[in-house]
Structure formats: C-alpha cells, structure tokens
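Engineer: Sequence:
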Amino acid sequence: MICCLNPHCAQPNHATLAAVCPTCGNPLEHRLRGRYRPLKLIGRGGFGRTYFALDVDRLNSRCVIKQFAPQTQGTKSFLKAVQLFEQEAVRLHELGEHPQIPTLLAYFEQNKYLYLVQQMVQGRTLHQEIAVQAAYSESSLRQLLEDLLPVLHFIHQHGVIHRDITPSNIIRRKVDQKPVLIDFGVAKQFSEAIRYEPGTRIGTEGYAPIEQLRSGQAYPSSDLYSLGATCLHLLTGCKPEDLYSPQEGRWLWQEYLQKQGRTVHPGLAAVLNCMTKDLVSERYQTAQDVLDDLQRLPKLEGTVPGWVSNQSGSSLFAGLDRPPLSGPGQTAGLAMPITSLPPTAETAEPTPKPISQPGSESASRPVSGSVPSRPVSQPPSRPPTSKPSSSPPAATPNSGTPSAKPSGSRSPSSGTPSSGSPGSGPTAGGGWQPVQTLAGHQSWVTAVAFNPQQPVLVSGSLDDTLRIWNWPSGDLLHSLKGHARGVNDVTIDRRGQVLVSCGDDATIKVWNLGDGTLRHTLKGHLRDVTAIAIGSSNLLASASEDGTLKLWNLSQGTLLKTLPGSAGMLKTVALTDADQRLVSGGLDNTVRLWNAQTAQALRVFTGHTNTVNQVAVSPDGGLIASASKDRTVRLWNLATGALLHTLQGHTQEVNTVAFFPDGKQLVSGSSDGTLRLWSSQGGTLKETLWAHINPVHQVAVQTNGKLMASASADKTIKLWQWQG
1 MICCLNPHCA
11 QPNHATLAAV
21 CPTCGNPLEH
31 RLRGRYRPLK
41 LIGRGGFGRT
51 YFALDVDRLN
61 SRCVIKQFAP
71 QTQGTKSFLK
81 AVQLFEQEAV
91 RLHELGEHPQ
101 IPTLLAYFEQ
111 NKYLYLVQQM
121 VQGRTLHQEI
131 AVQAAYSESS
141 LRQLLEDLLP
151 VLHFIHQHGV
161 IHRDITPSNI
171 IRRKVDQKPV
181 LIDFGVAKQF
191 SEAIRYEPGT
201 RIGTEGYAPI
211 EQLRSGQAYP
221 SSDLYSLGAT
231 CLHLLTGCKP
241 EDLYSPQEGR
251 WLWQEYLQKQ
261 GRTVHPGLAA
271 VLNCMTKDLV
281 SERYQTAQDV
291 LDDLQRLPKL
301 EGTVPGWVSN
311 QSGSSLFAGL
321 DRPPLSGPGQ
331 TAGLAMPITS
341 LPPTAETAEP
351 TPKPISQPGS
361 ESASRPVSGS
371 VPSRPVSQPP
381 SRPPTSKPSS
391 SPPAATPNSG
401 TPSAKPSGSR
411 SPSSGTPSSG
421 SPGSGPTAGG
431 GWQPVQTLAG
441 HQSWVTAVAF
451 NPQQPVLVSG
461 SLDDTLRIWN
471 WPSGDLLHSL
481 KGHARGVNDV
491 TIDRRGQVLV
501 SCGDDATIKV
511 WNLGDGTLRH
521 TLKGHLRDVT
531 AIAIGSSNLL
541 ASASEDGTLK
551 LWNLSQGTLL
561 KTLPGSAGML
571 KTVALTDADQ
581 RLVSGGLDNT
591 VRLWNAQTAQ
601 ALRVFTGHTN
611 TVNQVAVSPD
621 GGLIASASKD
631 RTVRLWNLAT
641 GALLHTLQGH
651 TQEVNTVAFF
661 PDGKQLVSGS
671 SDGTLRLWSS
681 QGGTLKETLW
691 AHINPVHQVA
701 VQTNGKLMAS
711 ASADKTIKLW
721 QWQG
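Per my numbering, the sequence shown starts with residue 1, numbered consecutively.
Everything labelled a hint here was simulated from the structure, so no lab data went into it. You may find that some hints are simply not true.
Unchecked claim - With a straight-line cut-off of 27 Å between C-alpha atoms, the simulated BS3-like cross-links for lysine-lysine are:
| # | residue 1 | residue 2 |
| --- | --- | --- |
| 1 | 715 | 481 |
| 2 | 561 | 174 |
| 3 | 239 | 259 |
| 4 | 239 | 178 |
| 5 | 112 | 40 |
| 6 | 174 | 239 |
| 7 | 174 | 40 |
| 8 | 706 | 664 |
| 9 | 523 | 174 |
| 10 | 178 | 523 |
| 11 | 481 | 523 |
| 12 | 178 | 299 |
| 13 | 561 | 523 |
Please take these sequences and the hints and turn them into a complete structure.
Structural biologist: Now the structure itself:
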C-alpha cells in the first residue's frame, strides 16, 4: 500500500507499490524524509491533507503526517510560511510534553510542501462515541471535564488557544481511556499570517463562539465556550446548533433534557451555562476557574444518568452565573495570538454572586511557561527556546540553534574565580579543558554516565542506541541495540557491573555492563520513561511521561510499587538517604520529595516558573539542585525545604545539573550550549565553558571530581579534564 502526496491528486490511495501515481502521474514518495511511509489519505481540508503513515526507523510505528501546501505567490511568501511553520512546530512540540497532547515527531519542508509528523493516538473520537452509544450521563460528563480542563489550562499557560474544540478533535485513547486533544490548527495560523483577511471565520459552526465566527478573534474563554458546547452535544446527543434558539438568544438544552425525563444537578447546569455565554466578558476566563467550581459540586455515586428535579441540595449553586475575572492580557500562541482580553459590554446585566471572586489565586498568579506577547513577525524578547530534549523534531539545518563560541573558551562574565580546585576557574595553564570528543551517534546524545570502577563511559541517544566507550583512548567498545525508540537516560550501579537505560518506547532495560547482554526489560509505564536512578540497596527508580514514579527490584527486575508522581509529565528522579527518600520534578514546575518506603509525599518545593528538567541530590544528602526550563538552577535545603540560592546566568533552558563528589560544587548544562560551574555553598558562578554548538542535554562528573562529560544535540560527547 502506498499513498500519493500530491495535494491535488483525486485518488491518492493505491494498493500496490509503484514508481509513479497511476492517477496523477507524480512520482510516489515511498519514504518521506527517508523514514516515513505514507499509506493512506485520512483527511483533507482547505490548507492541506492528513495521511496515515509508518515510521520505518522506529519498527514501523504508526504516525500521522500533516501536509501543508500554503497557496502563496513568490519565494518571499513561501519562505515566510516556512519560518512561521517552524516557529509554531517548536511550540507544538513543547505542548506535546503533555500526556494528553500528541507528540510532534518531526517538522520539515520537502518538495515545496510543509510537513508535520505526529504521534498517532489509537482510539475513537468523541464524535464516533456519541454516534454509536447513548448520550453521556452526568457522571461521565463531569469526568470528561475533569480530564480535559487541565489540558486547556496547560495550553493556555503556554499562550496557545486551540480555537477548534469539537467532539471530532478529542480522541479517547484506547490504552487508558484518557481524552486526548488533537488538531491545533497550525494551517490556520499560516493563512492568517500570509494573507490575512478581516472577518475570516475560524472554528466549527455550532461549537465556535460568536467572536471567532464574526471577527476571527479568540481568547482562552473561546476554548471554554467550545468545550461547553461539546459537553452539551455529548449530554443531549444533539448538535449545539439544534439546542440554541436565535429568536430567544438562549440555550434550550435543559428543556430538551426535561422532555427526556432527565435533569442534571443545578450546579453543573450553571457551570455549563457560564461556559457557553454569548458575551466573552460573562464567561469563565480560565480553565482553572471551571475546575474549581466543578470540585465544589457534590460527588456522584456510580454512573447516575442524571439528577432528579427534587434532589437535595438543588439550590446549592443557585445563581452561579458569574462576572468575569479581570486580569492582564494573555500571551502569544500557536493557533492564535492572545493579545488582550476583549472589551467588556457597557450594558451587561447584573450577575449574581460568584463562587470564587476575582483576585483568587487562579486568577492572579503569574502565567508560567508563557511566551511574551508579540506579533509573530517581531523578534523574540529573549533567546529562542531550544527544542525539548525528548522526541525532537528533525528540523531544517541550523533552525533554532544558538551560535556558540569555540569549545573551551570562557565567558568574560564568569567572574573572578578563586583557583586551586576543580571548577574554580582558569589558572595559568590550568582550569577545565576539553580533552576528547566522542562522535558516532546518529542523532542527539541525551544521556551520559561514568562507570565508577573502570575507565568506561556510557552514552545514550535518540538514534535508539547505547554506546560504551573507553574514555582515556576514545575507543568505542560496544554499541547496544534494544530500544525501539530514543534513549532518554542511562545510569550505572556503584559496583560498575549493571547498566540501566530507559527510553521513548516506555521500557527500562537492564544490561550486563561487562559483556553488553540484556538482563531484563521492565515494562509498566504507559508512556515514555524519561529518567532513572539506581540507589545503594538494589533499588531502581523511574519517572515517566505518564505522570508516575515506579520503584523496582534491580536484580530481579520486578515492580515493587507505583507512586502517583504529579499532575503532569515527570522529567526526572533521584534517590537519597540510603534509598529512604526520592526526589522528582516535571511539568508542574515543582520539585517533590517522597518517602520511598510508604509512597507518601513529604514536601513540595515551589519557585520554578517552568518545567523542572533534572534534579540532583548532594553526596551528603543535604541539598537538592533543580535545573529548569526557566533558565535557572535552584538549590534547596532537603530537610527544611528552604530555597538557599537561585543560580542565574544561562540564557536558555537548563537541561541538566550534577554535584561534584565533594558536594561543594555543581555543574549545569543548558540549551545555550554552555556548561557553568557553581559554588554550592555560596551560589556563585565559578566558570563558564563554551561546550557545544547545540544544546547540552546531560552532564556527568567522574568519581575523582577531575573529569566531566557533556552530551549534546550536536551528536557528540565532550570530555573535560581539570588541569589545575
């Protein structure tokens, strides 16, 4: 089976392989970008087509190819489209960090067409669900809202408005029954940016609010309206346009339910009515506000089809319709820039007392992880955020890559360091010097670890392989293949005998480091395993995009327990205190301390304003260091939870941090291509090393404290030696 990628081909699907398309005569692409095999056209629209495909390089895993063919005239317009496409693809990739948003696998231009390749979500859309089953019960609808509103909260925090939330754009994932939000409308962004016409209609009629249909404007509350309209469809089984009376200017969905002998709790009715107000100023302004009100509703027992009209507590949320939350303008986004809140109607009717007042924490706290508001054509106010360190898209050359100084040169702003110890800065003929570059991986090097007992280094890459090196000579000793997708982390036990790796294939692999044989493959996580840590007592900890932490018996390869982790994807885990406690971090911007024996959360460290990429615990167990996408490293007192120092200096996100064996110093690596060495006691910058021309994903320190290794997106590992 093969599919023609000519966007004008009338019959692109073909059962047999051929060199040219029998329909249009165009050459057939058997492997787009050398790896993606298009099999079937599954969707089309005014701006391109969507294909079902196989990723040949990843064991024929299923994926979706979105093809964009902007109707532009001239080279300048096309290059502008490519530029906007890349900018928005990077943002979409960042959104793909959320477990309920498909991961972006690649973006590129080929044969004058633009392509996005995304993870394929197996399951049914809610539109397909409602076509084959009865309307949703109240309990099912409330569960859907509780599952989807955090996703909207996440994308709005990142400055993105979806603009087209409908039952067709929500898939119930087969593996865990979670709703997944799809189709972020990148093509619509292109059309507006390239040939903008005032009054362009955006969204799906019936689900889109009036501001989108009339003027093309959209706000976070516009998504809440569309989600509310989707809920009315699911609850009644009728399309929203059949539930609204334009003569009366109001929704008739409650009357429709009454004719069926069904009602819902008045509090839920008030929530749905507030979500679907015509005036933007009368709607909920944030997804968190909707969640807050939902959580105040009494719990339903079982799957109740609906509340009877005389249910006790029916007046609990009487007059819920609430005034808007006021606040500053939102931030620029993928599908539509959020430039400001819409004007408030001058003659709005008075509204009853709200449940949560303006000025509550959900309304007033700063938006984290957001992009400064600006037109797309203007330059960013800070260096562009580099691609995230897991599952990166294969971009065009040099896109988004910061320029860097030659390896080993030092920033003049690194201060006046004291001399005489590793990490203390340059001395005459001394300091940290690059002594070896290890090359051989075919994609980003994401992980690196020293064998504590032998002169051996292990690296992991998104080329799906592990490589074992003799670091004094730079010789490659072994190349281990076993992961079906990219490797995210590697670690070695204290005896130097066991190697553990984890990857995007949702597995953990335990290897014999001596001969490279595979001992165990640990399965249990539902999504990519992002980080692992080995303790001192045969304990292995793992963190995953599925939001959980798992503890394993390393020698037996058995699961001991699962910890809930946090509300979002987890990026990092570390063990401490003779395996009594562990530390995690991730997408919710927090660091969390856990009791490994009881699975109890002991403390939450707050302060980062973006994703926590990695945590490390000092050798004495007294300090936690956390590296974040907010471009800082933070040092915490593990026992008290106090923030000791905020280490600032990196110009892009900090991906990695590691303590030196003496605990007095630490090193961080960033997407700005540098390594920075800091005093853990005073929080001062000691030295800056211009390490790589691409992001540094991980750094490791050898047990003697005089050798470091840095892994980079430039496909290399650099070794650094103290020559004081």
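Engineer: For each hint, tell me whether it holds in the structure or not.
Structural biologist: Here is what the structure says about each hint:
no. : hint      : verdict
1   : 715 x 481 : holds, 17 Å
2   : 561 x 174 : holds, 24 Å
3   : 239 x 259 : holds, 16 Å
4   : 239 x 178 : holds, 23 Å
5   : 112 x 40  : holds, 21 Å
6   : 174 x 239 : holds, 25 Å
7   : 174 x 40  : holds, 21 Å
8   : 706 x 664 : holds, 14 Å
9   : 523 x 174 : holds, 18 Å
10  : 178 x 523 : holds, 20 Å
11  : 481 x 523 : holds, 17 Å
12  : 178 x 299 : holds, 20 Å
13  : 561 x 523 : holds, 13 Å
In terms of the numbered hints stated before, the structure departs from none.
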